[in-house]
Amino acid sequence: MTIRRLPEVAAATNVATKPRRLAKIATAVLCGLFLLSPGARPQVHSENRPPRPTPVASSSNSPHPSADEQVLLDSTNRERAAEGLQPLRWDNALAEAARQHAQVMVSQNLLLHQCLNEAPLDERAAQAGAKFSMIAENIAVGPNAAEIHDGWMHSAGHRKNILNADVTAIGIAVVRGNVGMFAVQDFSRPVESLSLQQQEGKLVLLLRESGLREVDVSEDARRTCSMDQGYEGAQASYIIRFEATDLSVLPGELLQRIKSRDYKKAAVGACSASSRGNFTRYRLAVLLN
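Start counting the sequence shown at 5; every next residue gets the next number (the working numbering).
I should point out that these hints are in silico values taken from the structure, not numbers from a laboratory.
The structure displayed is predicted, hence computed values, not measured ones.
Watch out, some of these pointers could steer you wrong.
To be verified - With a cut-off of at most 27 Å between alpha-carbon atoms, the simulated BS3-like pairs for lysine-lysine come out as follows:
| # | residue 1 | residue 2 |
| --- | --- | --- |
| 1 | LYS206 | LYS268 |
| 2 | LYS164 | LYS206 |
| 3 | LYS263 | LYS206 |
| 4 | LYS135 | LYS164 |
| 5 | LYS164 | LYS263 |
Kindly produce the complete structure, drawing on both the sequences and the hints.
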């Protein structure tokens with residue numbers, strides 16, 4: 005299993021396989037040598053990756069899960085409930101990304117997280133409209149949804165994705181091919197889509213709730229946000245720039261400064277975050293006086 009995380013952002017790509025026998029198959033798959041054929045035994049595999057070729061199998065474009073997809077969704081949330089975890093909510097963008105990938109696997113007759121001419125999982129999900137700070141995927145081919153779910157739950161990597169407390173959304177796609185049912189589960193921790201003004205508004209409210217009464221948005225703070233060092237405008241006693249995926253909590257250092265009661269007012273500004281692939285986050289600056 006490999007996991008990728010960005011600073012301030014839980015951005016993950018999970019790769020998991022069914023113990024040793026399937027790990028050998030996965031290696032061949034990633035080398036482009038594993039081709040499914042009619043009569044092949046059902047296999048499960050988990051990781052990250054997406055599509056572009058023309059699919060050759062039928063698949064519903066409905067925003068609602070099909071019967072087989074609903075079985076996998078209900079089974080996943082039943083497993084989470086048994087472990088005291090919150091259920092995953094259905095995400096149409098993730099489902100669309102999963103559907104495209106399932107169609108490509110069927111068209112190429114491969115069980116892979118990245119088939120020929122496909123982009124990585126995070127790019128595929130972003131292209132479908134998803135915004136996230138963490139992304140992971142399970143894939144499988146099998147005779148029916150129940151057996152696929154059972155295979156995932158008996159594989160450490162797939163089970164970890166299903167029972168990951170950090171993910172809150174899921175999109176599932178099932179497409180039937182020549183060798184069975186191809187299934188894809190895409191998991192994420194969504195990030196709310198906010199304009200710069202909305203980000204600033206949330207930060208202003210959060211600072212006021214933390215004890216500061218004089219809090220305003222300023223052009224100086226906005227320009228400071230875009231700088232790597234220093235600041236714009238009049239003298240500031242304390243400056244912080246930070247990137248986050250959740251604007252419901254303040255950075256610990258900033259909160260400590262406010263609680264010291266050494267500061268009476270704040271100016272805030274948001275700017276575009278630097279590019280870090282397809283993961284979504286906010287960048288803001290706060291000037292205290």
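To see whether the hints hold, each was checked on the structure:
{"no.": "1", "hint": "LYS206 to LYS268", "in the structure": "19 Å, holds"}
{"no.": "2", "hint": "LYS164 to LYS206", "in the structure": "33 Å, violated"}
{"no.": "3", "hint": "LYS263 to LYS206", "in the structure": "19 Å, holds"}
{"no.": "4", "hint": "LYS135 to LYS164", "in the structure": "22 Å, holds"}
{"no.": "5", "hint": "LYS164 to LYS263", "in the structure": "39 Å, violated"}
Hints 2, 5, counting from the list given before, are not met by this structure.
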